[in-house]
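Q: Chains as they are written, first to last, in the numbering used here: chain U, 16 to 109; chain Y, 16 to 109; chain W, 16 to 109; chain D, 16 to 109; chain Z, 16 to 109; chain V, 16 to 109; chain E, 16 to 109.
If you are wondering where the hints come from, they were derived from the structure by calculation, not from laboratory data. There could be a bad hint or two in this list.
Stated by the list, open to error - Among chain Y residues calculated to face chain W with C-beta under 10 angstroms, some are: (1) E65; (2) E72; (3) V75; (4) V79; (5) T87; (6) L105.
We put the beta carbon where it would ideally sit given N, CA and C, even for glycine.
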Amino acid sequence: MKVRPLGDRVVIKKLEAEEKTKSGIVLTGAAKERPQEAEVVAVGPGGMVEGKEVKMEVKVGDKVLYSKYAGTEVKVDGEEYTILKQDDILAVVE
Amino acid sequence: MKVRPLGDRVVIKKLEAEEKTKSGIVLTGAAKERPQEAEVVAVGPGGMVEGKEVKMEVKVGDKVLYSKYAGTEVKVDGEEYTILKQDDILAVVE
Amino acid sequence: MKVRPLGDRVVIKKLEAEEKTKSGIVLTGAAKERPQEAEVVAVGPGGMVEGKEVKMEVKVGDKVLYSKYAGTEVKVDGEEYTILKQDDILAVVE
Amino acid sequence: MKVRPLGDRVVIKKLEAEEKTKSGIVLTGAAKERPQEAEVVAVGPGGMVEGKEVKMEVKVGDKVLYSKYAGTEVKVDGEEYTILKQDDILAVVE
Amino acid sequence: MKVRPLGDRVVIKKLEAEEKTKSGIVLTGAAKERPQEAEVVAVGPGGMVEGKEVKMEVKVGDKVLYSKYAGTEVKVDGEEYTILKQDDILAVVE
Amino acid sequence: MKVRPLGDRVVIKKLEAEEKTKSGIVLTGAAKERPQEAEVVAVGPGGMVEGKEVKMEVKVGDKVLYSKYAGTEVKVDGEEYTILKQDDILAVVE
Amino acid sequence: MKVRPLGDRVVIKKLEAEEKTKSGIVLTGAAKERPQEAEVVAVGPGGMVEGKEVKMEVKVGDKVLYSKYAGTEVKVDGEEYTILKQDDILAVVE
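Isolated chain U, as found in the complex (with noise of 0.2 angstroms):
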């Protein structure tokens, strides 16, 4: 991974659709046609992020659920990211 994220920010990868049928989670309503479920590639440091104690709950490999329209999209080595805050990830599914 060449992307290394500040503060309390994670950098996750969008899960195909397939292995979403998989895991048996899909998003409904407004949310159907933008999947939120992704996968942890990178965790920032955590620590102090404006003048707050933050503590990363999530590691490389989680599989999570995030806002919609959270975060920024980028494409590193031809395949595409999203880095967000950790307080836009809802939950680890498991």
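Chain U is already provided as a structure; the job is to place chains Y, W, D, Z, V and E on it using the hints.
A: Same frame as chain U, but now just chains Y, W, D, Z, V and E:
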């Protein structure tokens, strides 16, 4: 349950109309079309959330009333859930 | 009472028009159509709410005046209640 | 007085136009139609309000100037009062 | 002076156009129509204001420049004053 | 200099176009019409400002770049100055 | 480098399109027209910024991804730079 919420988030499952009639709780006015009673199915760890100490006050199995429009809806293994912050839960129904 | 409010929330029941005439309190102006006097029927535990220490100042049975539009209305066992934050209560009527 | 304000709230009674002429204070401009001079009739306990320590600086009987549009109007035993936060009181007139 | 400001508020009296010409200070642009130079006539006690310690930096008699639109205008014994927060005072003119 | 800024405020004087050409700094795009390079002519004491400790990082004589639209313009003894908060200063030019 | 940023600000220089192709990073969607990859050319001292302790996590020479629309553009000695807050930097590219 396959979804583990982060921070002060809670996963709830809306109660069906017939259950609500039994417990005797109905929401009035504009809220009528969208029931706000639900059962807690998963609770985040709480702790430091955005620099503030949050203690979780609800537990799995609690029947709760929550703020209309709060949270994000997800579907896991064919069942629909809502993930929201504990602060969007108004009260526990006993 | 079957509803236990969380944090600094309070459950109140609006007083009927005739009771209000007895206590001698009427709201003026735009507030006229929507009475703001109520009786407290349940009080949250207070404590740390959004990172701030909140001490509950009202108790069950208090007659209170509250901010118009504050809170959410619910119906329990056929009776209507309003759940609001203690900070939306302006004063106790004695 | 039958109304006991909560937290840092204060109950005031607007002074009649004739009294204001005596004390020599008149408000100018857009404020003209709505007098802003009043007498304090009840004072909340102060203390921790929304996580901040508030010390009450006004006392019953003080003549005060307050921010236009601040507060909520109520009628108790046929008399009109305004309930507002102490921070909406600009100054004490001596 | 008959007006005692609360908290971090300050009572100022706008300087007449002729005085301003003497001190050599004129405001430019949109501010031209509304002079922003004034003399301090009363100073609040400072201390804890909205949970923050405020130290008063201006004293009675100071000539000050203040933010346009800041504060509320009042008339006491036929003279016009402005009550504003110390933070709306930009600088002391010496 | 006749203007002493309060708190974390700074008084600056815009540099003329010819000086800016010499130092080699020009602002691009929409900022072109309104030069943002200036010289510091007075610095507030810093300290507690709105409840936060502020340390002044600029000194009289510094050439600075500042945020467009920041601050208030005043004219003292026929010269134009801008009063702004130190946080609106982006960088010192050396 | 002639520009020393204040507080938690960072001066960056956008990377040319050809350099970006080499590192293999391209931004997608609406961001396409405005590259968000840049090299850090100067870093502020950090420390107390608006009452919060900020530790600088980037250093001169780092390749970074930053938020679209963040920062202010300046031209120094004929070269264009952007000054932005460290919090607007999403990640370091390695």
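Q: Which of the numbered hints above does this structure break?
A: When the structure is compared with the hints, numbers 3, 5 turn out to be violated.
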